[in-house]
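Undergrad: So you can see what is in the structure, the chains are spelled out below.
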Amino acid sequence: MSNVAHLRKVYVRTDNTAPTAPDELDGAKDCSIDRTRDTLDTTNFKGGDTRTKAMGLKDASGNISGDWLPADTIQTILRTGYENGTLVYVTVLNDGTTGFTYPMLVTDIKEGGAVADLVSADFSLTQSGAPTARP
Amino acid sequence: MSTAAHTGVIRGPGTSTAFTLEPTTKLTANTRYQLNTDAKRLLDPAVAVVVEVDADGAGAGGYVVAAPATYTVDYLYGIVTFLADQGAAAVVRVSGSYLPVIDLLGVTSWDFTASRTVLDDTSLPAPGGCRTKKLGLKDLTGSLAINELLTLDNDPGAGSLILQTVHENGTPFLFERSVGGKRFRAWVLLESTKLEGGVDALVNNNVTFTGAARAAGAGFGWEA
Chain A
964 MSNVAHLRKV
974 YVRTDNTAPT
984 APDELDGAKD
994 CSIDRTRDTL
1004 DTTNFKGGDT
1014 RTKAMGLKDA
1024 SGNISGDWLP
1034 ADTIQTILRT
1044 GYENGTLVYV
1054 TVLNDGTTGF
1064 TYPMLVTDIK
1074 EGGAVADLVS
1084 ADFSLTQSGA
1094 PTARP
Chain B
14 MSTAAHTGVI
24 RGPGTSTAFT
34 LEPTTKLTAN
44 TRYQLNTDAK
54 RLLDPAVAVV
64 VEVDADGAGA
74 GGYVVAAPAT
84 YTVDYLYGIV
94 TFLADQGAAA
104 VVRVSGSYLP
114 VIDLLGVTSW
124 DFTASRTVLD
134 DTSLPAPGGC
144 RTKKLGLKDL
154 TGSLAINELL
164 TLDNDPGAGS
174 LILQTVHENG
184 TPFLFERSVG
194 GKRFRAWVLL
204 ESTKLEGGVD
214 ALVNNNVTFT
224 GAARAAGAGF
234 GWEA
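Just so you know, the protein sequences line up as chains A and B, in that order.
Residues in the first sequence are numbered from 964 upward in steps of one, following this note's numbering.
Residues in the second sequence are numbered from 14 upward in steps of one, following this note's numbering.
If you're looking for bench data, these hints aren't it; they were derived computationally from the structure.
Keep in mind that this is a model prediction, so the values were computed, not measured.
Do not rely on the hints blindly, as some may be mistaken.
[Stated by the list, open to error] Under the rule of at most 20 Å between Cα atoms (straight-line distance), these lysine to aspartate or glutamate pairs were calculated in the EDC-like manner:
| id | chain 1 | residue 1 | chain 2 | residue 2 |
| --- | --- | --- | --- | --- |
| 1 | B | K147 | A | E987 |
| 2 | B | K195 | A | E1046 |
| 3 | A | K992 | A | E1046 |
| 4 | B | K53 | B | E204 |
| 5 | B | K151 | B | D67 |
| 6 | B | K151 | A | D1071 |
| 7 | A | K1021 | A | E1046 |
| 8 | B | K147 | A | D1058 |
| 9 | B | K147 | A | D978 |
| 10 | B | K195 | A | D1030 |
| 11 | B | K195 | A | D1035 |
| 12 | A | K1021 | B | D133 |
| 13 | A | K1073 | B | E236 |
| 14 | A | K1073 | B | D134 |
| 15 | B | K147 | A | D1022 |
| 16 | A | K1016 | A | D1030 |
| 17 | B | K151 | B | D124 |
| 18 | B | K195 | A | D978 |
| 19 | A | K992 | A | D1022 |
| 20 | B | K195 | A | D1022 |
| 21 | A | K1073 | B | E204 |
| 22 | B | K207 | B | D134 |
| 23 | A | K972 | A | D1035 |
| 24 | B | K151 | A | D1004 |
| 25 | A | K1021 | B | E204 |
| 26 | B | K151 | A | D1085 |
| 27 | A | K1073 | A | D1058 |
| 28 | B | K195 | A | D1080 |
| 29 | A | K1073 | B | E161 |
| 30 | B | K151 | B | D168 |
| 31 | A | K992 | B | E204 |
| 32 | B | K147 | A | D997 |
| 33 | B | K53 | B | D152 |
| 34 | B | K195 | A | D1058 |
| 35 | A | K972 | A | D1080 |
| 36 | B | K151 | A | E1074 |
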């Protein structure tokens, strides 16, 4: 069954505990998480004529973009994480109830504003460590 | 609440102005003190700051110059942070120079990206089979779209703030974005200017900048 994206919940905390309503990020309009694994080539002379592979380290990156909110304490957590180089814990519940908490470092913050638009904020994230399934 | 960009303003640096014995207000824990006058909080990093502490406030003792090794200075927002607790009664005053900020005219859009280098520190054993990382150096890039000529003097006073001159001379430029009651300040260099304008359009200048920290203080930062 498909899931409408507007039910998605995005939370940010400074620790890896289950988020609650006050931890929900405000202003976010788009959120993506890309989970990857390294592919290790295990092909050798003893094998056949087709490459063989194994899976290596896991990794993930993410992006959250939307409206810049001057007074939002959750966006402030992301900015503080960038400035201090400390982990932020981003929980994405794709159907509003289940998902993962990702330990993330904030690598880039982009802000912008054109005279006829809203002020925008864009946060780029890279995972450091293992995610936690929620709930 | 979302913020319309047209309510904001982009500013640049004015002429460095000396001030003496400016009082401060304690922010937190007898260690952080901020200059009272908002207009004087952007400190000129090219001018040494003198910090004085009166340990007993209105008591019998007087002000004593604090050793620079005992505190750090946030030049972007005028905050002195002491390494040690100064005591509840202590009052702090500061002398130095501040930079007034001047509205840039004709700005139609702006953007900046604050980035950090990602350093992979994954080692054996990797818990959960996942990479671990640390953040390295900070940097900044950004741009402005301006429909005024870059030869325009933005300073309404006796000084001058001409972006063309700043670009040609390669001098440090203080970029300030102020919107929604919050400011972002950065020391930047103007990397490039691009003049555009077809026969049926306004003349437009695109200016790109890159972060360039000064010898003292942070290169850029958001207002708390």
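Undergrad: Checking against the hints above, which ones are violated?
TA: 1, 3, 4, 5, 7, 8, 14, 16, 18, 19, 20, 22, 24, 25, 27, 29, 30, 31, 33, 34, 35
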